[in-house]
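Enquirer: Protein chains in written order, with the numbering used here: chain A, 1 to 281; chain B, 1 to 327.
Calculated directly from the structure, the hints in this document are not laboratory data. Just so you know, not all the hints are guaranteed correct.
Below, computed lysine-lysine pairings styled on DSSO-like, alpha-carbon distance capped at 30 Å [unchecked claim]:
1) Lys239(A) to Lys89(A)
2) Lys140(B) to Lys89(A)
3) Lys140(B) to Lys281(A)
4) Lys208(A) to Lys239(A)
5) Lys140(B) to Lys118(B)
6) Lys162(A) to Lys89(A)
7) Lys243(B) to Lys277(B)
8) Lys82(B) to Lys281(A)
9) Lys89(A) to Lys277(B)
10) Lys73(B) to Lys281(A)
11) Lys82(B) to Lys143(B)
12) Lys118(B) to Lys89(A)
13) Lys82(B) to Lys89(A)
14) Lys162(A) to Lys281(A)
15) Lys277(B) to Lys308(B)
16) Lys239(A) to Lys217(A)
17) Lys243(B) to Lys89(A)
18) Lys281(A) to Lys143(B)
19) Lys61(A) to Lys148(A)
20) Lys281(A) to Lys21(B)
21) Lys61(A) to Lys162(A)
22) Lys82(B) to Lys118(B)
23) Lys61(A) to Lys239(A)
24) Lys281(A) to Lys308(B)
25) Lys148(A) to Lys89(A)
26) Lys21(B) to Lys277(B)
One-letter residues, chain by chain:
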Amino acid sequence: MQGRAPPKPERSSVRTVSRIAVNVFRESVRDRVLYNLVLFAVLLISSSYLLGQLTAGQDVKIIKDLGLAATSVFGLFIAIFIGIGLVSKEVERRSIYALLAKPISRTQFVIGKYCGLVLTLAVNVAVMTAALYLVLTYMTVTESAEFKAGWDAPGIDPALLKAIFLIFLQLAIVTAIAVFFSTFSTPILSAALTFGIYIAGHFNTDLKNFDRIVESKPAIWLARGIYYLLPDLSAFDVKTEVVHGLPVAAGYLLSTAAYGVLYVTAVLLLAMFIFSRRDFK
Amino acid sequence: MPPAIQVEELTKDYAVGFWRKRPYRALDRLSLQVEPGEVFGFLGPNGAGKTTTLKLLMQLIFPSAGRAEILGKPVGDVAVRKRIGFLPENPYFYDYLTAEELLTYFAQLFGFGPAEQKARVSSLLDRVGIGAERRLQLRKFSKGMVQRVGVAQALINDPEVIFLDEPMSGLDPLGRRDIRTLILELRDQGRTVFFSSHILSDAEALCSRVAVVAGGRLAAAGLLSDILAFDVRGWEIVVDGLKPDVHAQVSAIARRSTEIAPGRYALEVPVAHPPEKLLAELTATGARLVSINPVRDTLEDFFVRRVKEMGAGARAPEAGEVVRADR
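Please build the complete structure, drawing on both the sequences and the hints.
Expert: Shown next, in the form of structure tokens:
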């Protein structure tokens with residue numbers, strides 16, 4: 001080792017973050033849990049074809065519905081289990097000790113972990129999307145023209161991508177929440193809390209409209225406060241519209257995406273704030 | 001040239017208890033200085049505050065009071081970590097990475113180019129004795145092998161200052177010897193090595209200077225020879241042909257008397273009895289001197305004595321006082 005040039009100064013922290021992210025991706029790709037989840041999701045999407053056969057005329061809707069639901073649910077499992085595992089396990093098993101002694105900041109660590117997880121999610125969502133389109137292609141090719149005439153939307157419908165895009169954004173929010181909890185909590189508690197927020201996030205719109213059923217001002221303010229605190233996840237659910245061939249405006253996609261990005265940024269900033277001050281006992 | 005490591009009044013309090021938090025002082029106003037090129041032993045029993053100190057130096061935890069510098073820079077400075085290496089206690093790395101991948105990952109974090117990464121990883125794994133196993137995932141590694149990988153990752157950036165937390169733990173005698181050799185090599189290359197251990201023979205074999213911590217406080221610091229030279233606590237005299245009646249007389253003043261062979265005894269006499277006088281008396285009875293050695297305080301003895309003196313229980317109330325003063 002003697003006589004070599006000293007390490008080059010790291011030009012950008014973006015490179016450090018991307019290296020952490022790539023490592024997260026590599027590690028999670030090798031985790032068997034991930035394979036099981038993806039395999040199961042793909043199996044479910046494929047078997048929706050069989051289910052569709054049971055109900056005449058409705059089959060393509062069932063396939064789309066099931067396919068999108070499977071992408072969403074299995075994406076959720078991946079976001080929670082892998083997401084929490086990769087951050088809290090690193091703290092719990094103390095692999096973070098050696099890592100943080102390297103020239104990386106804790107902020108870079110959090111961003112790197114998050115980006116790696118989102119990358120993992122993106123690849124998985126892509127795999128599930130491909131499986132869904134494969135089944136739909138098979139349907140479109142094999143079914144007769146008059147049968148297809150009864151469909152609300154074409155079999156191989158690019159509009160599905162709108163729903164998948166929003167599902168992906170929703171998963172990115174859940175991942176940010178998972179990372180947030182795992183910066184200060186145990187893996188099991190983080191998983192429970194993240195799952196709880198996911199559920200609450202789906203019913204969040206009810207809180208927004210609380211003033212329609214209640215007159216008490218403090219109760220309305222409280223409901224409003226919680227509404228802004230929790231993510232509004234139902235906004236990311238356009239499955240029904242897409243499956244039934246109803247339009248989803250580009251403006252809606254854009255504003256929802258902007259909301260998602262803002263929410264993720266806020267949650268990650270909070271996670272970094274907590275993580276930067278944390279003692280690793 | 002600034003000191004390699006400078007620690008001033010470093011203190012760490014933890015809040016313990018679930019409902020009514022009580023302060024617990026894990027480290028109490030520790031000050032020490034390590035010069036460049038030194039092999040510095042940081043000694044103490046389990047729970048003495050060694051790992052706490054190392055974690056403070058690595059910014060894994062933040063001090064309640066006091067400050068620390070490495071190579072003249074505050075420990076919070078991320079840039080200074082390019083020049084240091086750290087082996088945590090009982091290290092653990094990623095299950096699904098191979099040894100090679102782990103080191104490559106860490107080399108990337110230091111900003112080395114691909115060719116440089118490869119060269120460093122390969123030569124370091126050779127150096128710590130990881131052969132073909134380097135392509136196995138780390139979850140298949142034994143504890144000793146993980147420890148070797150840990151040492152390799154601590155050296156990936158060719159650091160100027162190397163912190164090793166219990167580097168010998170979990171290693172077999174061969175592994176321990178390898179680590180000792182490695183530390184001496186690093187010293188010969190002019191690196192500063194700061195290592196913690198509760199195994200005193202390691203320090204005796206390696207260190208120029210040591211600090212002994214007990215109960216979160218500095219118990220002693222300095223040259224090993226100074227600490228050990230404190231006391232000649234007596235003399236061990238081995239004599240041959242000692243007659244039973246003479247032995248009975250000597251036994252009365254000896255701290256210990258061991259019969260090595262018929263008529264040959266090892267006698268440990270306290271320093272209060274000048275050995276010259278005793279020897280003259282013994283040789284007059286026909287006994288022959290085989291050897292005489294001073295009985296010194298070993299580091300072990302020193303350690304045990306100081307730990308007893310300091311007592312672990314004395315800290316809690318003091319920590320409480322400090323917290324009240326802070327309010």
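Enquirer: Now look at each hint and say whether the structure bears it out.
Expert: Outcome of the hint check:
The suggested pairing of Lys239(A) with Lys89(A) is violated, with an alpha-carbon distance near 34 Å, which exceeds 30 Å. Restraint check for Lys140(B) and Lys89(A): satisfied, since their Cα atoms lie roughly 18 Å apart, inside the 30 Å limit. In summary, the hint linking Lys140(B) to Lys281(A) is supported, as the alpha carbons are separated by about 27 Å, within the 30 Å threshold. Between Lys208(A) and Lys239(A), the direct Cα distance comes to roughly 22 Å. Compliance with the 30 Å bound is thereby established for this hinted pair.
Under the criterion of a C-alpha separation no larger than 30 Å, the hint pairing Lys140(B) with Lys118(B) is consistent with the structure, at around 22 Å. A hinted pair counts as satisfied when its Cα atoms are at most 30 Å apart, and Lys162(A) with Lys89(A) does not qualify at roughly 34 Å. Taken as a hint, the Lys243(B) and Lys277(B) pair is honoured in the structure, with Cα atoms around 18 Å apart against an allowance of 30 Å. Only pairs whose Cα atoms come within 30 Å are accepted, and Lys82(B) paired with Lys281(A) is accepted, the gap being roughly 24 Å.
The straight-line distance between the Cα atoms of Lys89(A) and Lys277(B) is roughly 68 Å, outside the 30 Å bound, and the hint therefore fails. The suggested pairing of Lys73(B) with Lys281(A) holds, with an alpha-carbon distance near 24 Å, which does not exceed 30 Å. Using a Cα cut-off of 30 Å, the hinted pair Lys82(B) and Lys143(B) holds, with the two alpha carbons roughly 27 Å apart. For the hint linking Lys118(B) to Lys89(A), the alpha-carbon distance of about 28 Å falls within 30 Å, and the restraint holds.
With a C-alpha separation of about 25 Å, the suggested pairing of Lys82(B) with Lys89(A) holds against the 30 Å cut-off. Annotation: proposed proximity of Lys162(A) to Lys281(A) is violated, straight-line Cα distance about 45 Å (limit 30 Å). The straight-line distance between the Cα atoms of Lys277(B) and Lys308(B) is roughly 35 Å, outside the 30 Å bound, and the hint therefore fails. Among the hinted pairs, Lys239(A) with Lys217(A) is inconsistent with the structure: their alpha-carbon atoms are about 35 Å apart, more than 30 Å.
As the CA atoms of Lys243(B) and Lys89(A) are separated by approximately 69 Å, the hinted pair breaks the 30 Å bound. Taken as a hint, the Lys281(A) and Lys143(B) pair is honoured in the structure, with Cα atoms around 22 Å apart against an allowance of 30 Å. At most 30 Å may separate the alpha-carbon atoms for a hinted pair to count; Lys61(A) and Lys148(A) meet this at roughly 12 Å. Among the hinted pairs, Lys281(A) with Lys21(B) is consistent with the structure: their alpha-carbon atoms are about 16 Å apart, no more than 30 Å.
For the suggested pair Lys61(A) and Lys162(A), the alpha carbons sit about 16 Å apart, so the restraint of at most 30 Å is met. For the suggested pair Lys82(B) and Lys118(B), the alpha carbons sit about 18 Å apart, so the restraint of at most 30 Å is met. Of the supplied pair hints, the one linking Lys61(A) and Lys239(A) holds, its CA atoms being roughly 10 Å apart against a limit of 30 Å. Our distance criterion of 30 Å between C-alpha atoms is met by Lys281(A) and Lys308(B), whose separation comes to about 26 Å.
This hinted pair does not check out: Lys148(A) and Lys89(A) have alpha carbons roughly 50 Å apart, beyond 30 Å. The straight-line distance between the Cα atoms of Lys21(B) and Lys277(B) is roughly 62 Å, outside the 30 Å bound, and the hint therefore fails.
The structure shown violates the earlier hints numbered 1, 6, 9, 14, 15, 16, 17, 25 and 26.
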